[in-house]
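Residue numbers (the working numbering), protein chains in the order written: chain P, 1 to 469; chain V, 470 to 938; chain G, 939 to 1407; chain X, 1408 to 1876.
There may be inaccurate statements among the hints.
Claimed, not checked - Computed cross-link-like contacts, SDA-like style, restricted to lysine to any residue with a CA-CA straight-line distance of at most 25 Å: (1) P:Lys341 <-> V:Thr536; (2) P:Lys195 <-> V:Gly806; (3) X:Lys1559 <-> V:Thr605; (4) X:Lys1759 <-> G:Ser1208; (5) X:Lys1754 <-> G:Ser1314; (6) X:Lys1754 <-> G:Gly1203; (7) X:Lys1787 <-> G:Glu1153; (8) X:Lys1754 <-> G:Ser1208.
Just so you know, these hints were derived from the structure itself, not from any lab.
What follows is each chain in one-letter form.
4 protein chains.
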Amino acid sequence: MSYKTYHDLGEECGIFGITNNAEASNYAYLGLHGLQHRGQESCGIVTAGSDGLRKAVGKGKVGDFFTEENLKPLTGTAAIGHVRYSTTGGSNIVNAQPLVMISHRGSLAVGLNGNLVNAKPLREKLEAEGSIFHTTTDSEIIIHLMARSREKNTVMAFIEAIRQIEGAYCYMLLTEKELIAVRDPHGIRPLSIGKLGDSHVIASETSAFDIIAAEHVRDVAAGEVISIDLTTNELRSDFPFKETHEHMCLFEYVYFAKPSSDILGKSVHSIRYKSGITLAKEYPAKADLVIPVPDSGVSAALGFSDASGIPFTMGLVRSHYVGRTFIEPSQSIRGLGVRLKFAPIRKLLDGKRIVLIEDSIVRGTTSLRIIKMLRSAGVKEVHMRIASPMVKFPCFYGIDFGTYEELIANKKSVSEIAEMINADSLGFISLPGLREASGFAANELCDACFSGRYPVAVEESHSKLAFEV
Amino acid sequence: MSYKTYHDLGEECGIFGITNNAEASNYAYLGLHGLQHRGQESCGIVTAGSDGLRKAVGKGKVGDFFTEENLKPLTGTAAIGHVRYSTTGGSNIVNAQPLVMISHRGSLAVGLNGNLVNAKPLREKLEAEGSIFHTTTDSEIIIHLMARSREKNTVMAFIEAIRQIEGAYCYMLLTEKELIAVRDPHGIRPLSIGKLGDSHVIASETSAFDIIAAEHVRDVAAGEVISIDLTTNELRSDFPFKETHEHMCLFEYVYFAKPSSDILGKSVHSIRYKSGITLAKEYPAKADLVIPVPDSGVSAALGFSDASGIPFTMGLVRSHYVGRTFIEPSQSIRGLGVRLKFAPIRKLLDGKRIVLIEDSIVRGTTSLRIIKMLRSAGVKEVHMRIASPMVKFPCFYGIDFGTYEELIANKKSVSEIAEMINADSLGFISLPGLREASGFAANELCDACFSGRYPVAVEESHSKLAFEV
Amino acid sequence: MSYKTYHDLGEECGIFGITNNAEASNYAYLGLHGLQHRGQESCGIVTAGSDGLRKAVGKGKVGDFFTEENLKPLTGTAAIGHVRYSTTGGSNIVNAQPLVMISHRGSLAVGLNGNLVNAKPLREKLEAEGSIFHTTTDSEIIIHLMARSREKNTVMAFIEAIRQIEGAYCYMLLTEKELIAVRDPHGIRPLSIGKLGDSHVIASETSAFDIIAAEHVRDVAAGEVISIDLTTNELRSDFPFKETHEHMCLFEYVYFAKPSSDILGKSVHSIRYKSGITLAKEYPAKADLVIPVPDSGVSAALGFSDASGIPFTMGLVRSHYVGRTFIEPSQSIRGLGVRLKFAPIRKLLDGKRIVLIEDSIVRGTTSLRIIKMLRSAGVKEVHMRIASPMVKFPCFYGIDFGTYEELIANKKSVSEIAEMINADSLGFISLPGLREASGFAANELCDACFSGRYPVAVEESHSKLAFEV
Amino acid sequence: MSYKTYHDLGEECGIFGITNNAEASNYAYLGLHGLQHRGQESCGIVTAGSDGLRKAVGKGKVGDFFTEENLKPLTGTAAIGHVRYSTTGGSNIVNAQPLVMISHRGSLAVGLNGNLVNAKPLREKLEAEGSIFHTTTDSEIIIHLMARSREKNTVMAFIEAIRQIEGAYCYMLLTEKELIAVRDPHGIRPLSIGKLGDSHVIASETSAFDIIAAEHVRDVAAGEVISIDLTTNELRSDFPFKETHEHMCLFEYVYFAKPSSDILGKSVHSIRYKSGITLAKEYPAKADLVIPVPDSGVSAALGFSDASGIPFTMGLVRSHYVGRTFIEPSQSIRGLGVRLKFAPIRKLLDGKRIVLIEDSIVRGTTSLRIIKMLRSAGVKEVHMRIASPMVKFPCFYGIDFGTYEELIANKKSVSEIAEMINADSLGFISLPGLREASGFAANELCDACFSGRYPVAVEESHSKLAFEV
């Protein structure tokens, strides 16, 4: 392990919490399966009970890391869990969450979905005052802020801490006495409340409720702090911010969320389906088949097919067995990676003109390889339609698009991209078109990655990048 | 490990071979990814080269077991690989293939897809003559038969050996001098030949060729022995059996094979699609949506939708992240397992009448749980349609349907099954209907699991079971 | 893992440091082998170089944990290493040292041999001011104290920190710029300076120098701070304490140190040998053989034999292959554990009267089992002689004797102990006798465990225990 | 893993067996600890009970490999165990014993201490007849011979098999019905019978009995076959060979066996002690101290000291913590390995003339390094005395001395060796002197490694080597 003082840019994650349940860790285990699409790098569960906090955190997917053996000691009746996204490069088990740390308040576990924009100055200030950091996560900052608070009540100390941070975040905390959750005052990341018998459940997406057959009660509002007393199981709601506004991340609907989830009352599948209809209107095509890049393109492809009358079919079969890390064996056979993930049905595709539906294009390399594979399976024409606008701006709120330079939409026009990926035609849904499909008003969404309009002011070193655009 | 003398009943597997390639083990690694759906319990590769045979075999999926580190020593320029199906209970790494054994012929590696029906008497005879077995696989029998042959030529010794066995099998062998493959004279399991540059490739399914961008040349014929000289790379074909007949397993098309594969010139997807059309005619339904159980029901569901005019949609989302072994946490929360695999899109399903398309019903328990989940998501009526006939007879040729008693179609009528799984209506495609969809004549297929007509006579203890029916 | 706020009582450890050497981590690896007798629970090395600090820390012995693979990335040209004692119960990899933490001073690694007596109030004070602790070690306290210092110079900040702590300690620190070491102002734990070519080496015992063929230059004085600039390799000495006094731990000579080590100019072997001579005078015995409990009783047994004229022999053979954790299989065969460690030579012992020499008796259970085994091998009379006085008082300076109640000398007289362990006679060397053998004056040693005279005032909750005696 | 047909040369091992005991595997685990000095490469236990044979075999030492978890499933009431010596180079887990194989006789486990001299022709003959080998061990040969026997009774089949083999061996077999053991008709390797309550125990050395507090009943005679019926627990003795003769390996007493063991009624310690007395007479020295190379030189050093009057002391301290594999870090610091194992007590040795007692010299490199280390600790004169004669001939009966060329005594005279290892004088005990110390007549021992007189005719390719001498 190498130690360098650096700041972690951001990541998409999933969080889950449950109270008042003798099977808390087992339900957390199941619930995290329902959030697994939000992060596969690491996972963890912490429970609170009469034995204090107990933790199991490890690398890899929920179903791979957790075993009967490591779940069994998690005996507490309240639990929080976390899954973390696999960012490129230096993943480090030390950053796996929930973190557990000990301060004068006792033990405290915390998990985060999102990204702070003032993490760097906060961290520098804390370090200057003598704080010692053990991870490079933004999760740890909140713990240090709370450790320095003079406020005795833990919820109040938490509120004091979150008033000092800026960004897009949902935090979940667990102490021996309470489970606390917050959705940032800009409402950028999703968080929902459910009910399972006498237990409260809280999760990044309702797909976690589906998996444990819990009822979806409502969503946490922008800027709302939820705290559940572990003794009484009473759920309390606070609104500690003066100003709050819902700016739900539009990219959650387009890409991150599971089609079966509802976010802020909207079905992810339905929005994608409608975006397909809109695409068919904005960028019609003459073709024999509508084919999605599975699975995230399926809903939009069904919409495109229904609106255009061109038959839908699953011309690309997705493999369910691709390991987390693919070994690209050697120079001479590079580029076959995409074939591990998708298999074209040659008999179906040979000689056909197709509309290929993809959720988004960020760097363009995957599209290039898919189209190459489709052509080698006999496809005559590829009319690619993208169910989201061009991603031109970096996300400072938790989605890792890579560097600004890697965003293909910053370097090339639509026709240049079409040429680069070897598509016969290419169309990106318009931002107004996508917004309309979403059913939200423009000011109810964060669409910064498409528009450059950031709802939360970004810290200097970051914003510089943004304003250069 | 416990040692008992027992006989292993059978299993579906995938085999792959390649010659004359400096990247033989890397291509085998990729090719096995394309056969991964045929078996996830164990996997292995053996290469032959100037350093003799080299082997890496282990538990789990190809992408999980193989690493740069264990692929690197596999330096030979010819390779065979194997994936093995996860049968219930006693999986044992000792049985993982390819097996490598040393006889007076030198080292020899062997992998098998299929099942011998005279394995027990052969094994008993060999043991009585002093042979010592190290695994419970049918693969090992062929090695002992070859070790006892006086025939000097390895291919001839192999032919002498396979003339003594009965069953459904494709064997692949690798020595320091040749790669040998055979498809049984009844033609029950699939095997195809391809070409990649100057290399010959052989695989259980053409999906393995797609993944390495190899060309599909032709299928191995029933009873054909293929041998490739590793020095000259010359491929030779022998037909050592007096009688041969193609009886391709119908269940391969229905369930096992990948939709993107072609077997004996037929597209798996197309046969499934046509079976959906037939189903719509044989068992029409009044409904709002056609919904497949993903992924194996998708092709038939598209056919049903096109034939019936009822809109197709993906109302169940399949999870890509389910670990190999699911920990069913405790008594109180059992039955949630199916929710780990599939998530219903509530907004789409609520209040709807659906046609639910599944590839087959073997035991009925999964269907019961899926329908229960769909109803809890608001579905009003479930009209279940099955793209294969009722499975009433055990398979002695390599498919593990469990015990005879576990086959629900042996205990219950269609209406009883409908009631048991809580479907509003239930229809299984007729066997003639499925045959017609397949485009094969009745005597060109093995449909024993549906019809009880076994093309290969089954050894006493097995056949007893069969004739009791 | 379970999280409870608790304070770790203390432990014996070994530390090693080296500068200015391209093979720093390799020499640290070898040097730690020479300190392995001081702790087998965990081990670790941190190097400093152009790539910053790099760390490898793990459970178990140096030779078991370290591999070429985990040593290779430790590329820095300065290194510190640590071995930690296996205390009973909750060992935790999180406490393995050296610790590495990041503060506004950058990365800093630290390892400790010893124990602070004011750890609890210091920790409480730091936590109240917002510090968050990640381990339960006393090593971490020094880092927090340094993080809160306004002093820019690292050595000065370290001095500021150690002025706030009380106890018996040797700290070793490594930053990207310097290696710092200190021996506490009471001089309780040992620390020596050596030279290997152009490299400075520092270690808890000279046995670490022997293993790398380094020259022993001198010992670090009580209260001396050594700092070595990694750029110039200049070694600087500071004496920041007003009062210092040498009170070397007498138990180091009796038990902990390796017989081949020299501490403060005295040979450990020679002191033990002389204690055997004294024992023979204080507690003579009529016997046929002098037999040591190997290996720590060997030196004293040789002295006893020479002084008494009774022949010395190795009647107990020590096993070199006992694993770290012994599985005591089941109720019916308990008590055989001592036989795994020692084997009696029956032919030698049968019918003999023996003098059995042991370094110390803390709880008495081992002696009981050894004598039982010797008697079953035919020994007629066992005259046990102990080369240290009765251990009646707990150690607050780093030796874990277990709880006060476990010290047999607190509950029983010499004759009661003799009866309990089934010895025909029993004699403990007198404290003046041992002191004389050591060659130190009474006020130059810490003999608190024998005498109750603690050179460093112990914090209330601890001292209470002490003064109750 | 690479597969090549080769023949394994030989190795020293330990075997253990127990019957009629509910804790059979636990006692085997403990008993193997008592044989650990005979082999540290791999270890294993197989039990027989109502569940058939159950096996746990793995790399490394008994205390490292076995855990509660892998011992627990070994539920049978009879057990055999094995430890295997670490030969240089290609150790392979596949060769770890006991082997378990399945033939028409059912499952059979076997472990071997020793080496066959006609293994190669036997193996070639078996392979030519169709046998397939899975390991390169001589243990497997016996199983194949038994598998080919027409004899129904297992003991008789075993006897038929051992009549075909030649060499120095003790086999132990376990089936579901009996435990069988044999000592070869030349009596080269040791094997003893003990009693523990109602259980029979058999072990390579009595040190295994000491550890479980079992009684040593008698030794197995040369050529005696012991068979214990697992149902009746009756022990039966057969003498199936026409001619038998005790030729116990003299090197067992000198080096391999534990000093606490008795072999054929002789104490290993006593023979070594007497050899020290003889050495003092044959090669007296003027010196200040007698110092053993610990631990195997201790007994002889005590004898030398008593005979010469020169004081004995432990001037070299052996480390107990050396890991199995030592990483010799890099070119620049090679040669420090011996310092990991032994530490000189400088204060004791400085300026002294010493007699250094070692059990044997095979290659000479270790002696060279020890003397170098002693001189750097100040020793003035080193008079080395070796408690065995010069090893000039290879062992074909199970001891791996390396190649003929590596035996220093074949290349150099005593004075040349003295010069090479930098000793002031050097003396090897004479063969008659050692024999006399052993108390055996010349024709009761195998001293081939010293004398070249091999009691068992060696197969051509081997004997050639021998007679070239």
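Hints and how they fare:
no., hint, verdict
1, P:Lys341 <-> V:Thr536, "holds (18 Å)"
2, P:Lys195 <-> V:Gly806, "holds (20 Å)"
3, X:Lys1559 <-> V:Thr605, "holds (24 Å)"
4, X:Lys1759 <-> G:Ser1208, "holds (15 Å)"
5, X:Lys1754 <-> G:Ser1314, "violated (38 Å)"
6, X:Lys1754 <-> G:Gly1203, "holds (10 Å)"
7, X:Lys1787 <-> G:Glu1153, "holds (19 Å)"
8, X:Lys1754 <-> G:Ser1208, "holds (8 Å)"
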